[in-house]
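Line by line, the protein sequences give chains A and B.
All residue numbers for the first sequence refer to numbering that gives the first Met the number 0, where the first residue is 0 and numbers rise by one.
All residue numbers for the second sequence refer to numbering that gives the first Met the number 0, where the first residue is 0 and numbers rise by one.
Everything labelled a hint here was simulated from the structure, so no lab data went into it.
In this text, all values refer to a predicted model and were calculated from it rather than measured experimentally.
One thing to keep in mind: the hints can contain errors.
Claimed, not checked - With a cut-off of at most 27 Å between alpha-carbon atoms, the simulated DSS-like pairs for lysine-lysine come out as follows:
1) A:Lys468 to B:Lys143
2) A:Lys382 to B:Lys215
3) B:Lys275 to A:Lys382
4) A:Lys400 to B:Lys228
5) A:Lys416 to B:Lys134
6) B:Lys215 to A:Lys420
Said to hold, decoys possible - Covered stretches of chain B, going by a simulated chain A footprint (3 or more residues, C-beta under 8 Å):
7) 51–57
8) 190–201
Note that CB positions come from ideal geometry on N, CA and C, so glycine has one too.
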Amino acid sequence: MSVRVGKAADAPPFPEAARHALEDSQLRHNMRHATHVIRNKRNNIVGELPDWPQLRAAGSQIKAHVMRYLDLYLEQFERNVTRAGGHVHWANDSDEARRIIRELVEQHGGKEVIKVKTMTSEEIELNPELAAHGITPYETDLAELIIQLGDDFSSHFVVPALHINHLQIRQIFKRKMPLEQMGIPDLGEQPPELAEAARRYLREKFLRVKVGVSGANFAVAETGSLVVVESEGNGRMCLTLPDVLISVVGIEKIVPTFQDLEVFFQMLARSATGERMSPYVSVWTAVNPNDGPKEFHVVLLDNGRTRVLADDEGKQALHCIRCAACLNACPVYERTGGHAYGAVYPGPIGAILMPQLQAMEHSQSLPYASSLCGACYEACPVKINIPEVLIHLRSELVQEKQSHIGGKLSRENLGMKVMSKVFQSEWLLRRAHKLARLGQGPFLDDGVVSSMPGLRAWTSSRDLPTIPKQSFREWWREREKSSRSAGVSEAGARRRDPERSEGTRERNHE
Amino acid sequence: MKFQSVTCSVHPITAISRFPGRFLAVLTAAVSSCILAPDSLSGVHGVLVSLFIACYNDLLFPNTGRAVVTVLERLGHTVEFRSAQTCCGQMHYNTGYIRESQPLLRRFVEIFADAQVICVPSSSCVAMIRDHYPKLAREMGDPKLVEAVDQVVPRVYEFTEFLVKKLGVEDVGAYYPHRVTYHPACHSLRGLQLGDVPYRLLQRVRSLELIDLPEKEECCGFGGTFSIKNADTSQAMLADKVRTILDTAAELCVATDNSCLMHIFGALHRGRTGVKTAHIAEVLASTETEPFA
Numbered sequence: 000m001s002v003r004v005g006k007a008a009d010a011p012p013f014p015e016a017a018r019h020a021l022e023d024s025q026l027r028h029n030m031r032h033a034t035h036v037i038r039n040k041r042n043n044i045v046g047e048l049p050d051w052p053q054l055r056a057a058g059s060q061i062k063a064h065v066m067r068y069l070d071l072y073l074e075q076f077e078r079n080v081t082r083a084g085g086h087v088h089w090a091n092d093s094d095e096a097r098r099i100i101r102e103l104v105e106q107h108g109g110k111e112v113i114k115v116k117t118m119t120s121e122e123i124e125l126n127p128e129l130a131a132h133g134i135t136p137y138e139t140d141l142a143e144l145i146i147q148l149g150d151d152f153s154s155h156f157v158v159p160a161l162h163i164n165h166l167q168i169r170q171i172f173k174r175k176m177p178l179e180q181m182g183i184p185d186l187g188e189q190p191p192e193l194a195e196a197a198r199r200y201l202r203e204k205f206l207r208v209k210v211g212v213s214g215a216n217f218a219v220a221e222t223g224s225l226v227v228v229e230s231e232g233n234g235r236m237c238l239t240l241p242d243v244l245i246s247v248v249g250i251e252k253i254v255p256t257f258q259d260l261e262v263f264f265q266m267l268a269r270s271a272t273g274e275r276m277s278p279y280v281s282v283w284t285a286v287n288p289n290d291g292p293k294e295f296h297v298v299l300l301d302n303g304r305t306r307v308l309a310d311d312e313g314k315q316a317l318h319c320i321r322c323a324a325c326l327n328a329c330p331v332y333e334r335t336g337g338h339a340y341g342a343v344y345p346g347p348i349g350a351i352l353m354p355q356l357q358a359m360e361h362s363q364s365l366p367y368a369s370s371l372c373g374a375c376y377e378a379c380p381v382k383i384n385i386p387e388v389l390i391h392l393r394s395e396l397v398q399e400k401q402s403h404i405g406g407k408l409s410r411e412n413l414g415m416k417v418m419s420k421v422f423q424s425e426w427l428l429r430r431a432h433k434l435a436r437l438g439q440g441p442f443l444d445d446g447v448v449s450s451m452p453g454l455r456a457w458t459s460s461r462d463l464p465t466i467p468k469q470s471f472r473e474w475w476r477e478r479e480k481s482s483r484s485a486g487v488s489e490a491g492a493r494r495r496d497p498e499r500s501e502g503t504r505e506r507n508h509e
Numbered sequence: 000m001k002f003q004s005v006t007c008s009v010h011p012i013t014a015i016s017r018f019p020g021r022f023l024a025v026l027t028a029a030v031s032s033c034i035l036a037p038d039s040l041s042g043v044h045g046v047l048v049s050l051f052i053a054c055y056n057d058l059l060f061p062n063t064g065r066a067v068v069t070v071l072e073r074l075g076h077t078v079e080f081r082s083a084q085t086c087c088g089q090m091h092y093n094t095g096y097i098r099e100s101q102p103l104l105r106r107f108v109e110i111f112a113d114a115q116v117i118c119v120p121s122s123s124c125v126a127m128i129r130d131h132y133p134k135l136a137r138e139m140g141d142p143k144l145v146e147a148v149d150q151v152v153p154r155v156y157e158f159t160e161f162l163v164k165k166l167g168v169e170d171v172g173a174y175y176p177h178r179v180t181y182h183p184a185c186h187s188l189r190g191l192q193l194g195d196v197p198y199r200l201l202q203r204v205r206s207l208e209l210i211d212l213p214e215k216e217e218c219c220g221f222g223g224t225f226s227i228k229n230a231d232t233s234q235a236m237l238a239d240k241v242r243t244i245l246d247t248a249a250e251l252c253v254a255t256d257n258s259c260l261m262h263i264f265g266a267l268h269r270g271r272t273g274v275k276t277a278h279i280a281e282v283l284a285s286t287e288t289e290p291f292a
């Protein structure tokens with residue numbers, strides 16, 4: 000079984016991708032503006048709820064409970080979908096999921112599908128698979144449409160086109176839409192005009208295409224219902240108008256009961272877009288003879304999730320409800336944008352989810368793409384301790400590194416080993432202090448160190464303070480000596496001779 | 000290996016064996032005989048405060064430790080420095096070198112097992128101890144160590160937190176006639192949740208003009224090895240932090256953590272901005288007759 004999550008296996012390491020992204024002034028401007036707007040809206044609207052901490056605790060507990068009994072809830076969900084006339088498919092990995100969906104579309108003679116915004120479809124790279132078999136997928140979420148028409152990649156999983164602004168969107172529409180035929184010969188640059196163009200472009204497809212593809216925000220075990228939460232209503236069109244609906248859903252999306260949705264509905268919109276509630280919440284249970292699609296399939300996707308579940312520390316990454324509050328709060332994401340992560344799921348949650356889904360074989364630079372500032376943890380509505388998991392994943396990478404000779408001999412590993420040893424002995428520490436003080440000599444430059452081989456990553460843009468003549472412990476020792484010789488310290492009189500105890504200590508350390 | 004308290008502790012036990020059996024006996028004695036419940040320190044004079052200086056303060060920022068000693072002694076407390084102390088292990092732990100951080104945890108706990116209260120002028124070290132030590136000790140699979148960690152961790156305080164929340168002091172008698180802005184280091188803000196604690200101390204410093212830092216809750220981009228491994232992103236974050244500091248037209252930027260300040264200093268100095276950085280303790284140590292360096 001091979002777990003592929005989007006194109007992450009081919010992505011350059013984060014620091015390299017980030018370097019290029021940081022130089023894109025338009026991107027930097029767009030990112031700063033968009034993340035600050037959403038962050039402020041989210042903070043204001045979350046601040047309205049006096050019971051936010053309790054909601055977070057409830058959300059976290061429900062998710063932890065589901066993870067513990069996931070097998071039972073999945074089977075319950077399957078039974079209830081089947082009973083209501085739907086079909087359940089199990090996909091171990093993205094290859095299986097893609098094949099299942101493509102074959103279903105082909106069985107119905109479909110040459111086109113309309114798509115609700117779905118992250119799992121990105122994860123399994125469904126669109127290229129369909130296109131390769133002569134099936135045209137139409138993204139109908141406005142932002143996903145912009146991304147698709149612009150031959151771009153999503154950079155955010157709630158606001159996929161966060162990295163581009165309305166003027167750039169106008170250029171894409173002018174390039175890719177038959178605007179003359181649509182009755183818009185001169186497309187303006189105001190958001191309502193752009194939205195109108197998208198509406199006309201999509202409406203015709205909603206009415207024509209017979210197969211819809213969706214993901215889901217929640218899957219209710221007790222009823223076999225799926226839930227999609229969205230802002231535009233385009234998702235509702237795809238869920239109700241086609242004859243056949245195929246939903247691809249990660250197995251972690253289960254909630255036990257309908258009532259549990261109450262907790263998540265209060266938190267999701269507030270965390271994601273800073274709204275009190277989502278404009279469109281669609282809930283369906285398989286098929287209904289009087290309305291909607293006549294045939295319903297759900298593809299339950301593992302793609303590495305059960306392996307994540309087996310890691311006691313890392314499994315909380317599966318609690319994610321994809322609100323992206325951690326992305327909007329993250330100072331790293333704000334600077335680099337989502338593409339630098341080379342990940343379907345970027346940002347802090349992506350940094351803990353992507354490497355785990357891929358068995359730590361890809362996206363290895365992502366656990367280090369964080370200053371551990373904790374803004375993600377603070378923003379997370381289900382209390383995923385992202386910094387803690389980042390450290391855990393770093394430790395896995397370090398263990399892997401230490402398992403081969405090249406990694407053992409790496410500068411980082413040797414440095415860390417030596418420093419750990421030094422910190423285990425006061426005697427060694429004193430010597431290391433002296434050595435460091437001597438060693439900085441050649442690099443002193445007007446009271447600072449402004450260039451140091453081996454530390455160029457720092458000194459290329461930042462000065463380093465110099466090591467003062469006296470360390471704190473040296474100062475303290477001197478102070479103790481002088482107070483003792485002055486005979487003022489009563490405590491000093493009762494004390495054993497520090498020189499002797501120092502000697503004892505040194506011997507004991509040898 | 001023996002660890003020796005350099006000044007005399009109120010507790011008669013001065014040497015702690017590394018061997019778990021004896022270590023536990025000493026610990027139990029210490030716990031039962033002399034440890035004050037944290038809240039009972041409020042308004043108390045003459046507390047014996049054990050200083051954990053933090054490895055980088057020891058070497059690079061000794062003035063911070065001197066300032067802490069000055070403030071605590073001015074308030075009538077006794078400070079001890081157990082010289083066997085080295086490092087809490089944060090750098091190793093946060094970079095993923097968990098195994099290499101384990102002996103440092105053990106060492107910390109052994110050294111401070113019988114300390115009444117441990118004061119640390121570094122919010123990130125306190126966050127390491129408070130947030131990660133209990134879990135790390137459990138992973139090490141030594142029940143006695145777990146017990147020792149659980150005993151010692153509640154007695155560890157960040158410096159400003161110790162002054163305000165445990166000693167109940169806001170006015171430390173400081174005088175500092177300059178324009179100052181305060182950067183809430185991430186570990187003090189989101190880790191220790193210090194809230195307005197540092198501000199309450201700074202507001203009571205005579206002649207100090209405290210300027211609010213715009214976008215103050217944003218990380219400066221240090222993040223330990225992050226500043227090296229992701230130097231470009233770190234610099235981009237730092238550039239914005241420096242911009243907001245310059246916007247305040249402050250002469251000095253203070254924080255509870257010299258690691259962030261070292262980062263901020265690096266850019267302020269490289270840019271020849273003329274704005275200085277200092278640990279909050281250095282401002283609090285300053286008086287009209289004895290201005291602190």
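Going through the hints against the structure:
1. A:Lys468 to B:Lys143: violated, 40 Å
2. A:Lys382 to B:Lys215: Holds: Lys382 (chain A) and Lys215 (chain B) sit about 23 Å apart, inside 27 Å.
3. B:Lys275 to A:Lys382: violated, 37 Å
4. A:Lys400 to B:Lys228: Holds - the C-alpha atoms of Lys228 (chain B) and Lys400 (chain A) are around 16 Å apart, at most 27 Å.
5. A:Lys416 to B:Lys134: holds, 22 Å
6. B:Lys215 to A:Lys420: Not satisfied, since the Cα-Cα distance of roughly 37 Å exceeds 27 Å.
7. 51–57: n = 4 at 8 Å, threshold three: holds.
8. 190–201: violated (count 1)
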